Structures are given as C-alpha cells and as structure tokens.
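As a plain string of letters, each chain reads:
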Amino acid sequence: MPFVNWLKRRLVVIAGLITLGYLLLPNVVVTVFSFNKPKGRFNYEWQQFSTDAWKDPCGVAGMCGSLSLSLQIAVWATLGATVLGTMIAFALVRYRFRARGAVNSLIFLPMAMPEVVMAASLLTLFLNMGAQLGFWTILIAHIMFCLSFVVTAVKARVMSMDPRLEQAAQDLYAGPLQTFLRVTLPIAAPGIAAGALLAFALSFDDFIITNFNAGSTVTFPMFVWGSAQRGTPVQINVIGTAMFVVAVLFVLTSMAISNRRNKQKA
Amino acid sequence: MNTTTDNSGDVRLTQIGKRYGAFTAVHPLDLTVPQGSFFALLGASGCGKTTTLRMIAGLEEPSQGTVHLGDQDVTHLPPYKRPVNTVFQSYALFPHLDIFENVAFGLRRRGIKSVKKQVEEMLDLVQLGEQARKKPHQLSGGQQQRVAVARALINHPKVLLLDEPLGALDLKLRRQMQLELKRIQTEVGITFVHVTHDQEEAMTMADTVAVMNAGRVEQLGSPADLYENPRTTFVANFLGTSNFIEADVDFKSGDEIVLNAGGGKLFLPTARCSAQAAAGGKVLVGVRPEKIALAHADDAGEIPEGRNRITGRIADSSFIGVSTQYVIDSPVCSGFEVYAQNVDRDPRLTPGAEVVLHWNPAHTFGLDATQAIDAGVESVEEDAA
Amino acid sequence: MSAATEAPPPLAPTAPETRPPRKRGRLTPYWLLLPGILWLVVFFALPLVYQASTSVQTGSLEQGYKVTWHFATYWDALSEYWPQFVRSVLYAASATILCLLLGYPLAYLIAFRAGRWRNLIMILVIAPFFTSFLIRTLAWKTILADGGPVVGALNTLHVLDVTNWLGWTAGDRVLATPLAVVCGLTYNFLPFMILPLYTSLERIDGRLHEAAGDLYARPWTTFRKVTFPLSMPGVVSGTLLTFIPAAGDYVNADLLGSTDTRMVGNVIQSQFLRILDYPTAAALSFILMAAILAMVTVYIRRSGTEDLV
Chain A
1 MPFVNWLKRR
11 LVVIAGLITL
21 GYLLLPNVVV
31 TVFSFNKPKG
41 RFNYEWQQFS
51 TDAWKDPCGV
61 AGMCGSLSLS
71 LQIAVWATLG
81 ATVLGTMIAF
91 ALVRYRFRAR
101 GAVNSLIFLP
111 MAMPEVVMAA
121 SLLTLFLNMG
131 AQLGFWTILI
141 AHIMFCLSFV
151 VTAVKARVMS
161 MDPRLEQAAQ
171 DLYAGPLQTF
181 LRVTLPIAAP
191 GIAAGALLAF
201 ALSFDDFIIT
211 NFNAGSTVTF
221 PMFVWGSAQR
231 GTPVQINVIG
241 TAMFVVAVLF
251 VLTSMAISNR
261 RNKQKA
Chain B
267 MNTTTDNSGD
277 VRLTQIGKRY
287 GAFTAVHPLD
297 LTVPQGSFFA
307 LLGASGCGKT
317 TTLRMIAGLE
327 EPSQGTVHLG
337 DQDVTHLPPY
347 KRPVNTVFQS
357 YALFPHLDIF
367 ENVAFGLRRR
377 GIKSVKKQVE
387 EMLDLVQLGE
397 QARKKPHQLS
407 GGQQQRVAVA
417 RALINHPKVL
427 LLDEPLGALD
437 LKLRRQMQLE
447 LKRIQTEVGI
457 TFVHVTHDQE
467 EAMTMADTVA
477 VMNAGRVEQL
487 GSPADLYENP
497 RTTFVANFLG
507 TSNFIEADVD
517 FKSGDEIVLN
527 AGGGKLFLPT
537 ARCSAQAAAG
547 GKVLVGVRPE
557 KIALAHADDA
567 GEIPEGRNRI
577 TGRIADSSFI
587 GVSTQYVIDS
597 PVCSGFEVYA
607 QNVDRDPRLT
617 PGAEVVLHWN
627 PAHTFGLDAT
637 QAIDAGVESV
647 EEDAA
Chain C
652 MSAATEAPPP
662 LAPTAPETRP
672 PRKRGRLTPY
682 WLLLPGILWL
692 VVFFALPLVY
702 QASTSVQTGS
712 LEQGYKVTWH
722 FATYWDALSE
732 YWPQFVRSVL
742 YAASATILCL
752 LLGYPLAYLI
762 AFRAGRWRNL
772 IMILVIAPFF
782 TSFLIRTLAW
792 KTILADGGPV
802 VGALNTLHVL
812 DVTNWLGWTA
822 GDRVLATPLA
832 VVCGLTYNFL
842 PFMILPLYTS
852 LERIDGRLHE
862 AAGDLYARPW
872 TTFRKVTFPL
882 SMPGVVSGTL
892 LTFIPAAGDY
902 VNADLLGSTD
912 TRMVGNVIQS
922 QFLRILDYPT
932 AAALSFILMA
942 AILAMVTVYI
952 RRSGTEDLV
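Protein chains in written order, with my numbering: chain A, 1 to 266; chain B, 267 to 651; chain C, 652 to 960.
Be careful, since some hints might not be right.
Unchecked claim - Here are the simulated DMTMM-like cross-link-like pairs (lysine to aspartate or glutamate), alpha carbons at most 20 angstroms apart as the crow flies:
no. : chain 1 : residue 1 : chain 2 : residue 2
1   : A       : K8        : C       : E861
2   : B       : K401      : A       : D162
3   : B       : K401      : A       : E45
4   : B       : K347      : A       : D52
5   : B       : K400      : B       : E453
6   : A       : K39       : A       : D56
7   : B       : K448      : B       : D473
8   : B       : K548      : B       : E568
Claimed, not checked - Take a look, some chain A residues computed to stay more than 10 angstroms from chain B by CB distance:
no. : residue
9   : P2
10  : W46
11  : F49
12  : L71
13  : F135
14  : L165
15  : Q167
16  : L172
17  : Y173
18  : A174
19  : Q178
20  : R182
21  : V183
22  : L249
23  : F250
24  : T253
Please keep in mind that the hints were generated in silico from the structure rather than gathered at the bench.
Bear in mind that the values here come from a model prediction, so they are computed numbers and not experimental data.
From the three backbone atoms N, C-alpha and C, an ideal C-beta is built for every residue, glycine too.
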C-alpha cells in the first residue's frame with residue numbers, strides 16, 4: 001500500500017500544516033475582509049470588493065488616535081519594563097543575596113496569574129488610592145505585567161554568558177562601567193532585545209488589564225472591543241492586515257540582513 | 267634585553283592565602299617569581315594553582331597576605347589597575363568584537379587613540395595579520411589561542427599570566443604552541459606565570475616549576491631538579507613515574523645510608539634522602555623506571571658490584587618503539603616499572619622470566635615513609651583523560 | 652554602585668595603596684533589584700492584599716465599604732456563580748488539550764522536519780501575535796458564521812449531530828455555543844503551547860532518534876519512549892501557559908459565545924465594571940486565583956518538573 005505508507009511518513013507534516021492553517025486562517029479572513037464593502041454596521045459578511053478603507057484608513061472617528069495612544073503606551077512600557085527587568089535579571093544571575101527565593105516567586109507569580117485577577121486587584125488599589133484612571137494607570141499596569149517576561153528573556157541570555165569575558169575585560173584595563181558598556185551589554189543585547197520585543201507586543205495588544213484600568217481612555221484594543229458592540233468598521237481590518245504585513249517584513253528583512261552579514265564574514 | 271637590573275617584573279607573594287568559608291583553597295604561601303623568568307604552577311585540578319594565579323591578576327581577593335609587583339603593593343588594586351595581563355582558560359575572546367578589536371581592547375581602555383600600527387604588528391607577530399576582521403568563532407582553536415596571547419601581550423604587561431592556555435588544543439598543536447610561547451617569552455623578556463596540570467608542558471616550558479597539591483606548594487625548583495630529586499611521593503608520582511620500595515634503615519656510613527629491603531641491601535646517598543633516616547627507622551626508596559637496567563636471572567653474575575639490585579619476575583611487557591616498558595613483580599614491591607631502551611633486546615625477557623633489576627645508587631632517592639606511596643598517581647590519570 | 656567613572660588607569664607604579672580590602676559591590680544586587688521589585692510589590696502584590704480586604708467588606712457604593720470580615724460573600728459568590736467556575740475550568744481544559752493535540756505536530760514539524768522552511772514557519776507562528784488578537788478573534792465570527800462554508804461542511808459531515816448530542820453546539824449554529832468559545836480559546840493560546848514545545852523538542856539530539864531506531868524501536872515507539880518524555884518540560888510549561896490565561900479569559904466567551912457560555916472572567920468583569928459590586932467581584936477573583944494556584948502547584952508537583960520555574 002504505497003499511499004498508506006506515504007501518508008504514514010508524512011502524517012506529522014500534514015498534521016502540522018493543518019495547525020498552521022488553523023493559526024493563519026483568521027489572518028487571511030482579516031485581510032480579505034479589509035477589501036469588503038459591508039452593508040450594515042458590521043463587517044462579518046462578504047458583500048463586494050472595495051479599496052475604500054485602504055484609501056482612508058483613519059476615516060473612523062477615534063481609531064487612529066487610539067492606535068497612536070497604544071503605540072505611545074507600548075513604547076514607554078517597553079522602555080520601563082526593559083530597564084527594570086534587565087536590572088533584576090543581572091542581579092539574579094550575577095549576585096548572591098538574601099531573599100533570592102522570594103524575588104524569584106515575585107517574578108514568576110505574575111506570569112502564573114490569570115490576567116483578570118491582576119486587572120481586578122490593580123483596579124481595587126487604584127480605586128482605594130483615588131487615582132485618576134487613564135494613561136498613567138495603563139502604563140503602570142503594562143510595565144508591571146511585562147516586567148516578568150523581560151526578566152525571563154534576559155536571564156536566559158545572561159546565564160549562558162561566560163563570566164570570564166567580564167574578567168578578561170577587567171584584566172584589560174576596563175573599569176566596572178567600561179566592562180559593562182563594552183562587553184556585558186553588547187553580549188546580553190540579543191536577550192534584552194528579545195525581552196523588549198515581547199514587552200512591546202504584550203503591551204500593544206493588551207486588552208484585559210487595560211479594560212479594567214483605562215477609565216475612559218481608549219487604546220486600540222479597547223477601540224476594537226467597543227466596535228464589536230457598536231459596529232466594526234472595515235478600517236480595523238486594514239490596520240490588522242498592515243500590522244501583520246509590517247511584522248512579517250520586519251522579521252524577514254532582519255533575518256536577511258543577519259544572513260548576509262554571516263555570509264560576508266565567513 | 268636589558269632587564270637584569272630591573273626588578274619591576276618580580277612577583278612576590280607573601281603569606282598569601284584564600285579561604286572560601288571553611289574550605290581553604292590556598293594555604294598561606296610565600297613565592298617569588300624573578301623578573302623575566304618563565305614560572306609554572308603545576309598541579310591537579312582543585313589544587314589551588316588557578317586561585318593563586320587569579321590572586322596575582324586581581325580577579326580574586328586574597329583572604330590574607332600581600333601581592334607585590336616589583337616594589338609596588340598591588341594586593342588591593344582591582345584587576346583593571348594592575349600592569350598584569352592574563353591569557354584565560356578557553357581564551358575568553360569577546361565574541362561580539364572582531365580579532366582586531368579584541369587585540370586593541372586593552373590599548374583603547376587605556377585611552378590610546380592610534381592603535382592600528384601596534385595591533386597590526388602584534389597580529390603579524392602571532393601570524394594572524396590576515397584574520398584581523400574575522401570574529402573569534404571563525405578561527406580555529408590554535409588561532410584563537412594566539413589571539414588571546416596577542417591581546418594580552420600588546421599591553422606590555424609586567425607579568426603575563428597564563429591559565430591553562432593550551433588545555434583546549436589537541437596534542438600536536440599543544441606541542442607546537444609550547445615552543446611558540448617559549449619563543450615569545452624569550453623574545454619579549456616578560457615574566458610569565460603559567461598554570462597547568464600537564465607536567466610535560468610545565469617541564470618543557472618553565473625555568474622554575476612549583477608543584478602544588480591541596481592548596482600548598484609541595485616543591486619548587488627547576489624541572490630537572492624536581493624530576494631527579496623529588497622530596498615527596500606526590501612530586502615523584504606527579505612528575506613522571508616512580509617506583510617505591512619500603513626499606514628499613516640498617517646503618518649510616520659516611521655519605522651513604524644502607525637499607526634493608528626483603529633481605530637484600532640497598533644503598534642511598536645521604537644527600538638524596540629528604541627523610542630523617544635513623545637506624546631502625548623506615549624510608550621509602552624511590553627510583554625512576556628509566557634508570558633501571560634489566561638482566562635475566564641467569565646473567566646475575568655479570569652485574570657489576572656496587573649497584574642496587576632486586577630480583578623479580580616479569581609480569582607484563584609492552585613494546586612502544588623507542589623503549590620497552592616492563593612491569594615486574596618483586597617480593598619488595600609489586601608492579602615495579604622499568605623502561606628499557608631498545609638497543610640490544612634480550613629475547614629471554616618475556617613475561618614470566620626471572621630477572622634482576624639493578625641501578626646506580628646515585629639515582630636512588632629517599633623519602634619519608636609516613637606518606638602515601640600513591641599520592642599524585644590518580645590525579646595524573648584523571649587529568650590526562 | 653562602585654566607581655562609575657575611571658580615569659585611564661595609571662600603569663606607572665603609583666603610591667602603594669594601603670586601603671583595607673574593599674567589599675566589592677556588596678550592595679549592588681539590592682540596588683539593581685530595588686526599582687523593579689518595588690514596582691511588583693506596589694502594583695502586583697499590594698493590590699492582591701487590597702483585593703483580599705475588599706472581598707470581606709460590606710456596604711454600598713454610595714455609603715462606602717468597610718471591612719466587616721463578611722466571609723459570607725465568598726459563599727454567596729460560589730453558590731451563585733459555580734456554573735461559571737465549572738465552565739471556565741472545562742473550557743480551559745478542553746482548549747489546553749486541543750492546543751496540545753494541534754500544537755505538538757506543528758512544533759515537531761518545525762523542530763525536526765521543516766529543514767530550510769523552519770524560519771519561515773516560525774515567523775508564521777509568531778507573526779499573528781502582531782495583529783491585535785481582538786481583530787483575529789472577531790474574524791472567527793466570520794469563519795463560523797451561520798450558514799457559512801465551515802458550518803455547512805460540519806453539517807454535511809454530520810459532525811454537528813455529534814456535537815449537538817454532546818451539548819457543544821445547538822441546532823445548525825456553531826457561533827454562540829461552547830464549541831465556538833473553546834475554538835476561539837484554542838486559537839488564541841495555541842502559540843503559547845507551540846513555542847515552549849518547540850524549545851524543548853529542538854534541544855533533543857537528533858542522534859537519539861537514530862539510536863532508538865538502532866535499538867529496534869519503531870517510529871511510534873521511539874516517539875513514546877524517547878521524544879515525548881524528553882519534551883515533557885515543554886508540555887508542562889505549554890499547558891500552564893495555555894490553561895492559566897484561558898481559565899481567566901472573558902474575551903472569547905463574550906465575542907464568540909452567548910449568555911449560556913459565560914465564564915468566571917465575564918462575571919468578574921461585569922461585577923467590577925458594570926454592576927460595581929466590588930466585594931463579590933473581589934471574592935470571585937480571589938477564588939479564581941486560589942483555585943488556579945492550587946491546580947498549578949499540584950500539576951507541577953505531579954509532573955515532577957519543579958525546577959522548571
């Protein structure tokens with residue numbers, strides 16, 4: 001039975017590709033429906049081809065504003081979480097200190113906690129303090145939940161780093177600051193970049209925690225959520241498609257560049 | 267080189283020691299490495315040799331004692347302020363910098379702007395001029411090793427510290443680099459302090475070797491001195507191979523000690539006995555395998571008078587080209603090793619043959635009988651693996 | 652922090668330093684930890700305390716709340732909302748199992764069979780992350796639309812008959828049923844399963860497969876006895892990364908489900924943001940946290956991978 005054998009050998013590949021299809025199907029739908037011209041307020045059924053939305057992506061009241069707010073929050077949250085998280089990661093890997101276990105738990109718990117619990121409890125704190133919900137409360141919350149992920153990413157990289165490299169720098173007349181800037185930081189950079197990228201993605205796309213702590217401020221995910229109730233403009237799909245394309249292009253070019261570099265050097 | 271009157275490259279360790287909690291890595295020791303010498307710290311892993319080196323480099327703070335370079339007390343100077351550079355074990359080349367920048371690193375940190383000429387000269391010295399723009403991982407082990415040496419030497423340190431610099435290389439390359447390093451040392455005249463577990467490496471390269479064991483310097487001297495006159499069983503076993511016979515002191519006569527072992531008499535020059543040899547006491551008699559001659563029992567009569575001799579039976583023999591190695595079981599010592607040059611091979615010397623071993627008493631050495639006979643044996647095998 | 656700016660080190664012999672040995676950076680780790688840990692203490696740990704306190708308060712929004720140690724709130728919340736709790740656990744567990752079944756082949760494919768396609772597939776797995784998950788979740792409304800091709804196909808193949816009998820779907824609809832919610836949860840958290848699985852699979856030495864084959868193991872036996880056990884760390888962290896967020900999620904149940912598929916997250920959200928019954932919401936949130944932490948602890952113990960975290 002050649003066909004059965006063929007199938008047997010490729011079972012994993014076929015199953016894997018089915019999963020990949022499952023993962024990508026919504027993106028295909030999002031892209032296709034960005035060219036739709038819906039009849040009612042909702043963009044769930046195919047009507048006819050149109051590029052209207054692409055020509056006027058900001059044509060929906062408040063959407064592009066929410067997008068820019070989300071980007072701002074994501075940038076600041078990434079910056080904050082990356083700096084704080086990198087410092088913690090270095091302390092954890094490079095130093096011995098008391099309460100290491102407690103620190104590790106404090107890093108791990110936010111990742112093992114459903115978002116809704118963190119969101120609700122943080123809101124209780126803000127309500128008790130009488131804080132004004134908005135940009136700052138969102139930023140505080142985002143830095144909080146991104147922090148652990150940055151720590152994990154940076155820690156992995158720093159742990160695999162040979163401590164002798166820093167000793168060699170010291171031996172070659174680099175003081176503590178020089179050693180850190182010239183050796184430690186460049187070598188840890190890929191881990192820090194990975195952590196930062198993760199933080200950016202998490203913050204930019206966060207809905208649940210933002211939903212609780214935003215007050216009347218509207219981030220992009222909040223806008224999408226609201227539109228699911230009121231009516232989904234096609235422009236949402238335009239933004240979604242553009243984000244996907246930009247992300248893929250970004251990764252592809254960075255990979256191509258690093259490939260070329262390796263080839264040149266070899 | 268005009269360095270004979272300059273002592274700024276002396277390394278002087280005074281009562282220096284290192285403890286980690288209850289564990290003593292290095293017992294307080296005094297050591298002086300004279301300017302311009304090639305000094306080796308030899309020992310098995312965990313004997314404290316690397317810790318000692320790192321205390322000179324400033325990478326480890328001594329628990330007690332002082333480190334002097336020339337007249338300068340550097341005990342509390344951080345590594346980046348010491349005129350000392352290190353060739354690290356497995357090199358520690360910066361993976362994100364190319365070869366040129368690796369070598370230029372020390373110069374740049376000291377604020378020197380025009381480094382190009384110096385770096386290029388240095389790279390030429392280690393024959394890596396072509397590779398300047400490659401990253402470390404693109405070089406072979408031997409090339410990386412040379413970069414590590416160049417990176418340290420370009421700073422003209424007073425002392426160059428080498429931490430197992432050849433450990434990661436294969437045997438052939440290691441031999442080649444040993445000669446290379448020795449050549450560079452003679453050329454630049456800098457004090458080299460070399461840490462190694464490889465006794466052959468230490469003996470080939472160093473003027474002076476300090477054998478370390480369990481945080482202490484067991485013996486210090488020139489390679490030949492250590493080999494010929496070991497003062498402990500550890501040194502005797504760690505450097506090369508030694509045979510030991512436990513013997514009773516019969517009496518002393520002039521500059522010779524007469525000993526009893528298994529009914530026979532053995533002679534030992536008093537000068538070559540490091541133990542207290544009182545009549546009636548015990549002494550470990552040692553002799554190197556290559557000093558021993560082997561005669562078939564039938565020829566025992568032809569052995570000249572005045573030589574130490576014992577009898578035994580060949581248990582095993584292995585032919586290795588230049589020599590044949592015999593293992594001989596004797597009443598006074600089982601597993602006696604004899605290396606015989608393959609000049610005139612006696613066909614009767616096969617396993618099972620009764621033989622007489624004999625050697626010049628001047629090649630005998632006497633050690634304190636209270637120490638373990640096999641000290642230093644195991645660790646050699648472990649490290650060689 | 653010790654010595655931040657150093658002048659070029661003097662190489663000529665300087666005056667011998669007679670300072671006692673410096674305690675090099677004894678305090679450095681604490682300075683490094685301080686800001687980040689403070690952040691977590693104030694904005695993660697402290698809120699949990701506030702929440703615990705809120706859960707035992709009574710009062711009203713107008714008159715304010717006071718701590719009265721009113722533990723009955725917990726009992727009331729549980730007796731009123733236990734169906735939502737059960738549903739959360741069931742949906743999250745189903746989604747986790749589906750994620751494992753779907754994700755393992757893909758992770759395996761990337762790790763061992765993808766060859767030069769490996770990077771591309773990796774990108775395709777990660778890239779959807781960069782499109783807002785809400786937009787992608789809304790796309791499922793289109794995919795599972797009533798009378799659409801997917802529902803039509805399921806109907807023709809009589810799959811809907813089975814799922815109707817199981818109570819996962821109702822009539823000719825998939826949307827607004829448990830199946831749609833589980834489908835959305837599975838979709839949303841699938842990358843969290845695939846990535847850890849891939850990481851632990853990728854670490855496995857390919858020669859182990861050959862060795863197993865050499866030792867008379869058939870492919871399936873090789874998988875069962877070698878590959879799968881070695882990928883356990885990935886399975887454990889993947890299931891945790893899927894189950895925990897799925898159990899607390901309310902987005903999928905809201906967008907793809909109906910009032911009959913409300914999960915505990917939906918209840919917490921509406922109590923907190925719409926009904927403004929803070930004590931009940933806090934109690935529910937606390938129960939959810941405790942339940943999940945308890946389950947996770949037991950799970951990690953049972954799977955013998957405590958060193959994972």
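Tell me, in ascending order, the numbers of any earlier hints that this structure violates. 3, 4, 5, 8, 14, 15, 16, 17, 18, 19, 20, 21
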